[in-house]
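Chemist: All residue numbers for the sequence shown refer to our numbering, where the first residue is 1 and numbers rise by one.
Please keep in mind that the hints were generated in silico from the structure rather than gathered at the bench. As the structure is a computational prediction, the values presented were derived from the model and not from experiment. We put the beta carbon where it would ideally sit given N, CA and C, even for glycine. Some clues are possibly wrong.
What the hints assert, rightly or not - With beta-carbon atoms standing in for the labels, derived distance ranges: (1) 92 <-> 4: 39 to 49 Å; (2) 14 <-> 82: 35 to 45 Å; (3) 81 <-> 4: 44 to 54 Å; (4) 84 <-> 23: 35 to 45 Å; (5) 94 <-> 7: 15 to 25 Å; (6) 4 <-> 47: 21 to 31 Å; (7) 5 <-> 84: 45 to 55 Å.
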Amino acid sequence: LAEVAGFLLNQVAAVFRERTAEAIAHQGVHPRQLGLLFLLRDSATYSQQQLGESLGMDRTTTMQLVSALEAEGLVVRDDDPADRRAYRLRLTAHG
1 LAEVAGFLLN QVAAVFRERT AEAIAHQGVH PRQLGLLFLL RDSATYSQQQ
51 LGESLGMDRT TTMQLVSALE AEGLVVRDDD PADRRAYRLR LTAHG
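With these hints in hand, go ahead and build the complete structure from the sequences.
Modeler: Shown next, in the form of structure tokens:
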């Protein structure tokens, strides 16, 4: 039964991802980017590392998603005053 339930949950998740992608496509945002935007909406700032960890993404994927959002004018990377090697991310007014 666990195998069947796991399969069905995977099917539901696939449909949910597809429908979400369709619903937000006109805004030029990918569903994975949407997760980043939701996290930033609920907090003043996040580090890029914190965002990746919160969403279970590796550093490279997080960086690519953030770069795309930055190019669209949805997020801004500010220097982290506590760590010169890191950035703090925040939503723009458009984001």
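Chemist: Are the hints correct? Go through all of them and say.
Modeler: Now for the hints, and whether the structure bears them out:
no., hint, in the structure
1, 92 <-> 4: 39 to 49 Å, "holds (45 Å)"
2, 14 <-> 82: 35 to 45 Å, "holds (40 Å)"
3, 81 <-> 4: 44 to 54 Å, "holds (52 Å)"
4, 84 <-> 23: 35 to 45 Å, "holds (40 Å)"
5, 94 <-> 7: 15 to 25 Å, "violated (40 Å)"
6, 4 <-> 47: 21 to 31 Å, "violated (40 Å)"
7, 5 <-> 84: 45 to 55 Å, "holds (48 Å)"
Against the hints set out earlier in the document, violations occur for numbers 5 and 6.
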